[in-house]
Amino acid sequence: MALDELKIGGMGASRRRVEDNRFIRGKGRYVDDIVLPGMLHMEILRSPVAHARIKSIDTSAAWEVPGVRLVITGDTMASRNLAWMPTLSYDTQAVMATDKVRFQGQEVAAVIADDPYIAKDACSKIVVEYEQLPPIVNPFQAQSPDAPLIRDDKETQTSNKIFDWEIGDKAATDRAFEEADVVSKLELHYPRSHPSPLETCGSIADYDRATGKLTVYMTTQAPHIIRAAVAMVAELPEQMIRIVSPDLGGGFGNKVPVYPGYVISILASILTERPVKWIEDRSGNLISTGFGRDVYLQGEMALRKDGKILGVRMHTISDHGAFYADAQPTKFKIGLMHSAFAAYDIPAAHLTSEGWYTNKAPGGVAYRCSFRVTEAMFFQERMIHAAANDLGMDQAEFRKVNLVKDDMFPYRTAFGFLTDSGQYGKCLDVALEAIGYSTFKQEQEEARKRGKLLGLGISTMTEPLGAGNSREYDIIGIKMFDSAELRVHMTGKAILRTGAKTQGQGHETTWAQIVAHELGIPADDIVVEEGDTDTAPFGMGTYASRSTPVAGAAVAMVSRKIRAKARKIAAHLLEVSEEDIEWELGRFYVRGNNERGVTIQDCALAAYSNVPDGMEPGLENNAYYDPPNLTWPFAAYLCKVEIDPQTGVWDVLNFVAVDDCGVRINPMIVEGQIMGGLTEAYAMASMQYITFDEEGNCIGSNFMDYLLPTSWETPGFELHEVVTPCPHHPIGAKGVGECATVGGPAAFVNAVMNALEHTGVRNVDMPLMPNRVYEALQTGQDVSGAPPVKGE
Amino acid sequence: MTSLYEEIPPAPAPGVPTTRVTITVNGEKRTLDIEPRLLLSHLIRQGLQLTGTHMGCDTTGCGACTVLLNGRPVKSCTVLAVQANGRDVETVEGLSSAQQLHPIQEGFKQEHGLQCGYCTPGMMMAAKALLERNPNPTEDEVRWALSGNICRCTGYQNIVKAVLWAAEKMREQEG
Ligand code: FES
Ligand code: FES
Chain U
1 MALDELKIGG
11 MGASRRRVED
21 NRFIRGKGRY
31 VDDIVLPGML
41 HMEILRSPVA
51 HARIKSIDTS
61 AAWEVPGVRL
71 VITGDTMASR
81 NLAWMPTLSY
91 DTQAVMATDK
101 VRFQGQEVAA
111 VIADDPYIAK
121 DACSKIVVEY
131 EQLPPIVNPF
141 QAQSPDAPLI
151 RDDKETQTSN
161 KIFDWEIGDK
171 AATDRAFEEA
181 DVVSKLELHY
191 PRSHPSPLET
201 CGSIADYDRA
211 TGKLTVYMTT
221 QAPHIIRAAV
231 AMVAELPEQM
241 IRIVSPDLGG
251 GFGNKVPVYP
261 GYVISILASI
271 LTERPVKWIE
281 DRSGNLISTG
291 FGRDVYLQGE
301 MALRKDGKIL
311 GVRMHTISDH
321 GAFYADAQPT
331 KFKIGLMHSA
341 FAAYDIPAAH
351 LTSEGWYTNK
361 APGGVAYRCS
371 FRVTEAMFFQ
381 ERMIHAAAND
391 LGMDQAEFRK
401 VNLVKDDMFP
411 YRTAFGFLTD
421 SGQYGKCLDV
431 ALEAIGYSTF
441 KQEQEEARKR
451 GKLLGLGIST
461 MTEPLGAGNS
471 REYDIIGIKM
481 FDSAELRVHM
491 TGKAILRTGA
501 KTQGQGHETT
511 WAQIVAHELG
521 IPADDIVVEE
531 GDTDTAPFGM
541 GTYASRSTPV
551 AGAAVAMVSR
561 KIRAKARKIA
571 AHLLEVSEED
581 IEWELGRFYV
591 RGNNERGVTI
601 QDCALAAYSN
611 VPDGMEPGLE
621 NNAYYDPPNL
631 TWPFAAYLCK
641 VEIDPQTGVW
651 DVLNFVAVDD
661 CGVRINPMIV
671 EGQIMGGLTE
681 AYAMASMQYI
691 TFDEEGNCIG
701 SNFMDYLLPT
711 SWETPGFELH
721 EVVTPCPHHP
731 IGAKGVGECA
741 TVGGPAAFVN
751 AVMNALEHTG
761 VRNVDMPLMP
771 NRVYEALQTG
781 QDVSGAPPVK
791 GE
Chain F
1 MTSLYEEIPP
11 APAPGVPTTR
21 VTITVNGEKR
31 TLDIEPRLLL
41 SHLIRQGLQL
51 TGTHMGCDTT
61 GCGACTVLLN
71 GRPVKSCTVL
81 AVQANGRDVE
91 TVEGLSSAQQ
101 LHPIQEGFKQ
111 EHGLQCGYCT
121 PGMMMAAKAL
131 LERNPNPTED
141 EVRWALSGNI
151 CRCTGYQNIV
161 KAVLWAAEKM
171 REQEG
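One line per chain: the protein sequences are U and F, in this order. Just so we're aligned: 734 in my numbering is position 734 of the first sequence, and the numbers increase by one with no gaps anywhere. Just so we're aligned: 90 in my numbering is position 90 of the second sequence, and the numbers increase by one with no gaps anywhere.
Keep in mind the hints are simulated off the structure, nothing from the lab. Quick caveat, the model's predicted, so the values are computed rather than measured. The beta-carbon is built from N, C-alpha and C at its ideal position, and this holds for glycine as well. Any given hint could turn out to be false.
[What the hints assert, rightly or not] Which residues of chain U face chain F? A few of them, derived with a C-beta cut under 7 Å, are:
#1 D33
#2 L198
#3 G249
#4 T710
Make a model of the complete structure from these sequences and hints.
Structure follows, in structure tokens:
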């Protein structure tokens, strides 16, 4: 008898999470929980100014503090050729400033001491003399002919521009605009944000001179990439580097890059021959590590009177900070910005992009998204909203006219992506029904009588999740595939390791469910391990919603390899030929005689005790999975808000999310991811942004100034599902972790804009703080979030 | 002292004052010599090696470090260890016994109230203080009681459900 899949914790089971058993007891093991014998503590001194030449650094008083073991400056790093390191976008980044500081918070010195308090004390005794230079705090200042050159360290750099880039068909797009009846335009700013996982970054470097082995425990989402980077930067042989990523307190893209603190702690351990722990404080995290967004987006849409979109033009101006350190596939300078409008059937599109250096922290990380997809989809849905209004068409109707239809897949987008599958119209219908779209106008009228403004916003989008394929996607030359290794023990229990790295996504739970689905081994009998480069197979890590699309596929594939071998063993045990063997969940049986069978556990035992002649013993294997395409989930997010015109305060009355992420491995976890993502979307729409004053001081260097929503502000969300299995994924799953963060913000903003429609306001930039909404209501003018340019 | 040997710690550097404090941590009396500036969170994590209490901001902004001080939730990153002298401190490690989870812990697991787990100990301690005060809270009361604790992963909805689940279970156990 085949097993009941839900009973063994297979696919589709809302299995309670395995990792919770340690977390709810306070027994997680995060980097800062690890204590090694003889461990020293490191503290970093950061620049208080945004742009300055370093005239001198005096560390003598710091050395005098009892308990101080080492003081490091840029000179120490430079003498080991470590003052600079490569970034993930083929630029260079200062590990520690030698010539200039280029943003507030940049690393200037470090103290290594017996305990963290002593290290902090000693840091405060270091005297740095700065000669201040004019700071550049936005790309418009950076463009000015008399702007100081931020990257004067680079011989070929003559301006502050990093790149010009374009994609799409300019000529076809120009023709579309010539044929247009109506041209709709929109300009907006997607403000700088910081992912702020609740755990900051940190590392413990442990160099053992006797063996030559370097072990680094660190907060990384991609341990194998780090191992490769350390091998390159520190010139250590790769087999002597072990990167361990223990439990992570969230990542959200913030823990993908290589940060100076990691590198400095490694050198400190080599120099002191003791383990060195570095734990970043929150303000260090906020002002120096990978931010997200900070892009100015402009665009226009060519429209036919009947509502058909003929073409789109987009231009982006992005602020990358002092070093171009975006973590993204090499080929694409502004990530996957050109995934914009992928859900719509649009014949022609053209995107131009320019990137600029400024005196701000580097980053441009994929903050809970796939490489700039958040900006792309936000612009898309704001543009769609504006275009429908310009045509005088209903928002839902306009989308229905232009969304890609079910029978058009695989669909080649105007920018060249191949979207794989979906039921876009159905998702939208489910959402419209759930939110009561048909009676909304009436509701809005009634609210007006109460003095309140109601608005309803729609956001519909598909996004590319799960890079590669490896032909097109690589990070610093490393192809974007992923891996899994499965060992089935003699008693039928198993251990699975993958090249991904969980940070709260629940891999320890869900990967076991995939194995259970493929092999019929109960999920509780499978232990999952990730994050240790000495034991895990090589993989690209977890970000950009790539775990399930890529590593998850590898888990299915390796399970199938195991099943193929087990089938041979089963034939041997049942004394029939392999062709006569049938499989049902958990067991093989002889065709035509279901009674005569052996379980997968029987085969496992035989693999170690009774293999057929000529067969290798054992039951283990690995799989490297190179996806044929990205996966393309779809989401329809609808939001209803009420604005109090007296104050500009808006409340979410109802939020409906319809997600089609293909087959769901663990519905409970999928829904958890969606709710988490929607909360980040709400955060960006309502309060969460990082600005800088004219001097380049970061406003938002702590959680009092950088607002994150709590349980009190965060609205509730109503979730629905539609399932279109991914046609090219072994178990039909698509990525999901980030859909809500990507598609969510536009639903909130479109709702508020809808409520303001009668005032003629077309755009208020995020975050929609009450003062901005109030200003729009009072003036009837757009409210821009772009910083004022000095001298204007 | 019952261990076979005890390392004599180096005398504190000249000029570093220390104070003797006695704090009851999870029911166990601990007497320690500490620098007066030592934060309670650091004493708990580094001194007592109870690493279940986390730190997410060190500036009172996130609640990851929440513990109970004489039954009231405090952010231990903003309490000096000397302020806990003569008082009771309760951390996540004190929630469950070897055999049994606290209903709040069960609730978080059942309702999927955690993802990365970093905020969880602080959330659970804040919830415990609430439920001891108010065994039958409304959803809004739960949301308000947890509003000093940030979670970046879950979106709170399931955390609120977890606390309500625990409240019900605790009422059943009482009744
Ligand atoms: S660490 Fe204490 S409130 Fe954040
Ligand atoms: S579960 Fe990650 S911060 Fe709450």
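Could you check the structure against the hints above and give me the numbers of any it violates, in ascending order? none
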